[in-house]
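> Please put together the full structure from these sequences, using the hints given.
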Amino acid sequence: MRWRVAFWFLLPAFLLYTVFTVYPLLSALTDSLWQWEGTARGGFAGAGNFTSLFTTFPLNRQLGPAFWHTMAFFAGTMLVQNTFGLLVAVLLVELPVARRFLRTVYTVPYLIGGLVVGYLWSLLLSPTFGPLNAGLDAVGLGSLARPWLGDPATALPVVILVNAWQYIGFPVLLFGAALAGLPPEYGEAARVDGANAGQRFFRVTLPLMLPAIGVVSILTFIGSMNTFELVYSLEGAQGNQPTGPGGATDVLGLIFYRVAFQEGGTNAIGQSSALAALLFLFTFGIAVVANRVVRRREASLT
Amino acid sequence: MRARNGFAVLAVAATMAASAACTATGSNGDNGDVTLSVWSWRPEDAAVYKQIFAKFQESHPHIKVDFKPYKATEYNTILSTGLTQAGGPDVAQLRAYGGVQPLIDAGELVPLEGKVAGLTNFETGALDGIRGKKDGKVYGVPLEMSTFQVYYNQDIFTKNQLQPPATWDQMIADAKKLQAAGITPFAVSGKDTWLLPLYNDTFAATRYGGPDFEKKVLAGQAKFTDPEYVASLDVLNQLKPYFPKDMMGLGETDVQTLFATGKAAMIPEGSFALAPMKAINPELKLGVFNPPPPPGAVVAKPLQVGWVDASYGLNAKSDHQKEALELLQWMTTTEFGQQVADNLKQVSLVKGVQSSDPLLGQMVSAYRTDPTPYLMLVDFRYGTPLGSDLQATGLQKMLLGQQTAAQVAGDIQTGVSQWFKP
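Chains as they are written, first to last, in my numbering: chain Y, 1 to 302; chain B, 1 to 422.
Keep in mind the hints are simulated off the structure, nothing from the lab.
Computed from a predicted structure; not experimentally measured.
Some hints here could point you the wrong way.
Unchecked claim - Calculated pairs, EDC-like style, for lysine to aspartate or glutamate (alpha carbon to alpha carbon, straight line, at most 20 Å):
no. : chain 1 : residue 1 : chain 2 : residue 2
1   : B       : Lys263    : Y       : Asp137
2   : B       : Lys240    : Y       : Asp151
3   : B       : Lys50     : B       : Asp66
4   : B       : Lys245    : Y       : Asp151
What the hints assert, rightly or not - Residues from chain B that keep clear of chain Y, each with C-beta distances beyond 10 Å, as calculated:
no. : residue
5   : Ala46
6   : Lys137
7   : Leu325
Every residue, glycine too, gets a C-beta built ideally from N, C-alpha and C.
Laid out in structure tokens, this is it:
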């Protein structure tokens, strides 16, 4: 009897999930196993679409750098956005006034689309007309001025910084919520024992924050693997060419875009589905493993 | 106010729908009148085309023309479905070279030789843009072309006592002089990489041999890895000191602004950039020249880069073949060509048409006497990877110091030979 009730309660969600999530994912996977002529399915390709990703020139030479740029994007975002986000979250908790106002301020860029943010920053960073280089010149630091988005050495770091600028509100909110959920007794006990602010943060707060940090890290990883629009709007995409000066900001999301909409030719569906499947498996695999590690940490805390 | 506007729009839409309904059902009107549907990717030209086709109707009173423009970025898809189904165009604007081949291969278009006598009003090179790669037949009437050359700011040249250079050494000396005067010699963009192959053809087609090299490479007698072509890629490296320091951060509009505001003396740009640059600075006094051949050049005179952009062709499924051919025939006349030049402000390819702007006239006449193709567009966009993508990627890396000219040439050859068979 109870099972029957459960069945009827679960059915709508199950149907929706199947139709709108499971089916599209599986169809992308099956699409990747066939040869395509435009939108018409041809013969069975087996692993052909997967191997062609790594054998077609110049795609085979673009995948490696794009993978590492994506990893660097993740590492840089962890380092800048999440570290700084944690700092801001901690400071906001300590702040007696204007906490809610500042939290909103930090979250505002989050509300603007990545394309808009990219366009705004590309204007600010423009080597000839942008205020940044003009400002550097004005204060006598003209030698530091450079084409920030056109120099292979600075292009990817700048993209990471702009992305962090936009999404800083995300770790601030999540860490803020986690901090608010910490029992104040631990901090007070440490204070009574004579721990200073630094000790209280590193010995008490930070270990208790690890589950939240884990979740933010996993979400950052997923976001980094799928990053696209900001790079696209900052650096533009030109036909089937690696994005950025000398391909310095080419990421996996952009390669997918090019294979699917520009370069794939008649077999675009097959080849782009194969790439999508690989991206999904990699992202999913890492996320599952990381999640397990975080859970284990969490269990050892309690 | 808004409601009233909305009402006006509705009224106009209703009128248009009504007239469209008339043309759909009554294209063979009571008195034998025929309405031809003409498709284009230039909504911005709709008003001008109305005038142009009014002229056509004066001499062809029994044929009406219904001009239907679509958004340029969606046009290819709309046209390829339109040509396969009923209700498609009678006459359609067509892309050039590789862009039109799928339609030709699918048999959607009618070959025009022997049907449109006026094709003789075009040079053979002008017809290459609309030729079937496999059968060599002509499938359209060329509408307009683009050229690419160096523009210079006449005021800056006069102030520094400079003339358009006659020799390569002269050009380098002029560039040095301008640089010493605090002016960027060449406004060149490294960010909008599609320009890089055009820069290469503009400055260095003479180095690799221009149209002769094209013939040889198409016949399989030359490769991109040949020393002449490698040396031509390196020409941009030699000019790099005279490009903006920040070129990799500058897009096309950035460099157009640099040039139009007098911060740079010269800019390699297309005929299509004349209007936008004049829009930035209407006071701008411009001249154009083609760069003199660099040291070791295979061709001893400057060459003019040019290519066909658009043509008009005939839908094989059209019910009004005879009338459509009449329209296409009219499009080969100087009457139509002059309209294209004067009112569409484009470079017409019809022989004997005077250009609306003396600079455009100079570009066309240079192209008529010493043409050279935009090699990667004209010949190497028939398969993926596109030759232009490979060259653009490579040239950017070369100018960043990440690749040598020989490596760039190697990549072009490797990529293109995946689909190109001589």
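> Tell me, in ascending order, the numbers of any earlier hints that this structure violates.
none
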